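There are 2 protein chains.
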Amino acid sequence: MKPFDDEYFMKQALAEARIAAEEGEVPVGAVIVCNNQIIARAHNQTERLNDPTAHAEMLAITAAVGVLGAKYLTECSLYVTVEPCIMCAGAIGWSQLNKIIYGASDEKRGYKKYAPDAFHPKAIVKSGVLEVDCAAEMKAFFKQRR
Amino acid sequence: MKPFDDEYFMKQALAEARIAAEEGEVPVGAVIVCNNQIIARAHNQTERLNDPTAHAEMLAITAAVGVLGAKYLTECSLYVTVEPCIMCAGAIGWSQLNKIIYGASDEKRGYKKYAPDAFHPKAIVKSGVLEVDCAAEMKAFFKQRR
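Protein sequences appear in the order of chains A and B. Mind the numbering: the first sequence is residues 1 to 146 in this note's numbering, read in order. Mind the numbering: the second sequence is residues 1 to 146 in this note's numbering, read in order.
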């Protein structure tokens, strides 16, 4: 048995995404994990903070470096429900996150289309973890808004 | 006579870069201008804030949306001493800044190499304003550190 696997942590990110949805925010959630411990959790807060840079990943990275007291997150993994945008991909690169795991792809705004080499060349990237659930949150949110 | 031209505002960004240098930060400065008025000024604070996302442009954007109370900066111009990185280019895209003016190019970390289509397709981009001065700040800083 492996209780702390990728699905476990993605479920935690999904819980953050659901909080975002309840608050009327685009439902993206993220957690940062270090030695099997969640050291930061965040969800999109662009509306609440009135700040287009307040994406879940940005808030999680800033929180995580605060917790560790280190400027880099070289031993850490980021779990995020949706493929990061260029901005967040750039922040992931600067923070030297070791592993990036995301759920749903974002073909319109995702980093893969605009900046496929954003991460450190040695960073491990895994996609599609709980993809259906992560994508469902986004679909439900945008359907409701239309 | 046109007192508030691109050079005028880039000088203000340069003044911010010099404050960064004095504080031991990578000397990048930025100002955001709306109707010929500077509504936000910032310099790189990655060391002081112990946060790899605390680039001049990010801090200026967050400050500017705070000043305007609007989530977008569609009528604003960003002056920054060095070509933005991917992260900042993404933030510029999200904030819908109308005009981006930078001084020195950054061939290693600049957005042009990694994400040339980061900005809104209608955004106006101008480079090379006070390029020599902007580049000199960076060179002096890194020379001192070697």
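Just so you know, these hints were derived from the structure itself, not from any lab. Please note that a few of the clues may not be correct.
Identical copies carry no separate label here, and so any pair may be met within one copy or between two of them.
[As the list claims (entries may be wrong)] Lysine-lysine pairs mimicking DSS-like chemistry, simulated, CA-CA at most 30 Å apart: (1) LYS2 to LYS108; (2) LYS71 to LYS139; (3) LYS126 to LYS99; (4) LYS122 to LYS99; (5) LYS2 to LYS143; (6) LYS126 to LYS112; (7) LYS2 to LYS126; (8) LYS113 to LYS2; (9) LYS126 to LYS108; (10) LYS122 to LYS143; (11) LYS122 to LYS108; (12) LYS11 to LYS108; (13) LYS112 to LYS139; (14) LYS113 to LYS99; (15) LYS139 to LYS122; (16) LYS71 to LYS143; (17) LYS143 to LYS11; (18) LYS11 to LYS122.
Nothing here was measured: the structure is a model prediction, and the numbers come from that model.
Point to revise | Homo-oligomer pair classification [LYS108, LYS11; C-alpha up to 30 Å] | key: within (24 Å within a copy, 37 Å between copies)
Check your understanding: Should LYS126 paired with LYS108 be assigned to within, between, both, or neither, using CA atoms and 30 Å as the limit?
Key -> Both: 19 Å inside a chain and 26 Å across chains, each within 30 Å.
Review point. Is the C-alpha distance from LYS2 to LYS108 at most 30 Å within one copy, between copies, in both cases, or in neither?
Key: neither (35 Å within a copy, 41 Å between copies)
Exercise for review: Measure nothing new, just compare the shortest in-copy and cross-copy C-alpha distances for LYS139 and LYS122 to 30 Å and report within, between, both or neither.
Suggested key: between (32 Å within a copy, 28 Å between copies)
Check your understanding: Using 30 Å as the alpha-carbon threshold, which applies to LYS122 and LYS108: within, between, both, or neither?
Key -> both (25 Å within a copy, 17 Å between copies)
Point to revise | Same-copy or cross-copy closeness of LYS11 to LYS122 [CA-CA at most 30 Å] | key: Result: close within a single copy only, 26 Å intra versus 39 Å inter.
Point to revise | Intra/inter-copy verdict for LYS126 and LYS112 if alpha-carbon distance must be at most 30 Å | key: both (13 Å within a copy, 26 Å between copies)
Check your understanding: Checking LYS122 and LYS99: alpha-carbon separation at most 30 Å within a copy, between copies, both or neither?
Key -> The answer is within: 9 Å in one copy meets 30 Å, while 35 Å across copies does not.
Practice item. Pop the pair LYS143 and LYS11 into one bin, within, between, both or neither, using alpha-carbon distances up to 30 Å. Key: For LYS143 and LYS11, the Cα distance is within 30 Å only inside one copy (22 Å; across copies 47 Å).
Review point. Quick one: LYS113 to LYS99, C-alpha cut-off 30 Å, is that within a copy, between copies, both, or neither?
Key: both (19 Å within a copy, 23 Å between copies)
Check your understanding: At most 30 Å between C-alpha atoms: does LYS122 with LYS143 qualify within a copy, between copies, both, or neither?
Key -> This pair counts as between: shortest inter-copy Cα distance 28 Å, intra-copy 38 Å.
Check your understanding: Within a copy, between copies, both or neither: where do LYS2 and LYS126 come within 30 Å Cα-Cα?
Key -> The answer is within: 18 Å in one copy meets 30 Å, while 53 Å across copies does not.
Hints 1, 5 and 8, counting from the list given before, are not met by this structure.
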